[in-house]
Amino acid sequence: MKIALLFPGQGSQYVGMGRELYDNSPAAKAIIDAIPQELKTIIFEGPEETLKITKYTQPAIFTVSMAAYEALKEALNSANIKLEIIASAGHSLGEYSALCAAGFFDFKTGLDLVSARGQYIQQASEANPGTMAAILGLENNIVEDICKTASAVGVCEAVNFNSPGQIVIAGTNEAVAKAMELATQAKATKVVPLSVSGPFHSSLMNPAADMMKERLATAELSVPEFGVVTNCDATMTKDASVIKDKLVSQIKSSVKWEQSIKTLADSGAELFIEIGPGRVLSGLMRRIDKTKKVINIEDKASLEKAVQELGVI
215 MKIALLFPGQ GSQYVGMGRE LYDNSPAAKA IIDAIPQELK TIIFEGPEET
265 LKITKYTQPA IFTVSMAAYE ALKEALNSAN IKLEIIASAG HSLGEYSALC
315 AAGFFDFKTG LDLVSARGQY IQQASEANPG TMAAILGLEN NIVEDICKTA
365 SAVGVCEAVN FNSPGQIVIA GTNEAVAKAM ELATQAKATK VVPLSVSGPF
415 HSSLMNPAAD MMKERLATAE LSVPEFGVVT NCDATMTKDA SVIKDKLVSQ
465 IKSSVKWEQS IKTLADSGAE LFIEIGPGRV LSGLMRRIDK TKKVINIEDK
515 ASLEKAVQEL GVI
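Just so you know, we're using the working numbering here: the sequence shown kicks off at 215 and counts up by one.
Hints should not be assumed to be uniformly reliable.
[As the list claims (entries may be wrong)] List time: in silico DSS-like cross-link candidates among lysine-lysine, alpha-carbon distance up to 30 Å:
#, residue 1, residue 2
1, Lys-460, Lys-470
2, Lys-269, Lys-296
3, Lys-452, Lys-404
4, Lys-216, Lys-296
5, Lys-476, Lys-254
Rather than coming from a laboratory, the hints here were simulated on the basis of the structure.
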């Protein structure tokens, strides 16, 4: 069975994530022991307010996701199970986990890049304050028209196309508030302000993208084992030479997640494995394509269940 790996992004974090894997998997322990002690303490003990700060959240989720991936590989090896992984994808920050899993770069390089990304995005958010909101139940073109109208009072853009009828917008506080008002008038099923520290994936993140471009210039990338479907264009690539530009674009452009899942399915993926904290992507998957099976790995129980299921495929 052809398998695609999915990795979560910011918002999936919780205090104590990865602890069971750390205590039960030598491979996961090795990953988490490789990070600074301060970050390790924040992951396991919090407080939640600190874990939610972007410069900590991003390397924390990346670390736990890669620890879960290494724990899965370790468990599969012990059970003598081989998987046919054809590709991976990650939501926003999760794209770095997807690239690392594919072999574009090693964990240390990935952690350095993600840590820099988190700092740059936090700086850009402080320099260009803004917010985000989820709009449910409206077509893409209607949400885009609403953003265009709201842009009269500030930046407002559709930034996450997560699943049919679930779109996230970002921009200045005033413009997003206006767009939420317009979406409600347009009979959106639900309009939800998001508890975030900045207007992620909007053009207000341009300064972070510029800094990331400079940081990526010195990063060494390798030929991967399998392809990655990238957020900014929902296309599959195994070409390391184009990844840096895509990672720069990703910071300031919309996440085409619904289309990315369709690209994976069109490439032959029959089973999807969400690896890392939370089950956000598993939930989105059920809205995008109910015919595809998705399993999640984030702790001891889910890992054991996954290995059992993968052993009989």
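To see whether the hints hold, each was checked on the structure:
no. : hint              : in the structure
1   : Lys-460 x Lys-470 : holds (13 Å)
2   : Lys-269 x Lys-296 : violated (36 Å)
3   : Lys-452 x Lys-404 : violated (38 Å)
4   : Lys-216 x Lys-296 : holds (11 Å)
5   : Lys-476 x Lys-254 : violated (35 Å)
In this structure, the hints that do not hold are numbers 2, 3, 5, in rising order.
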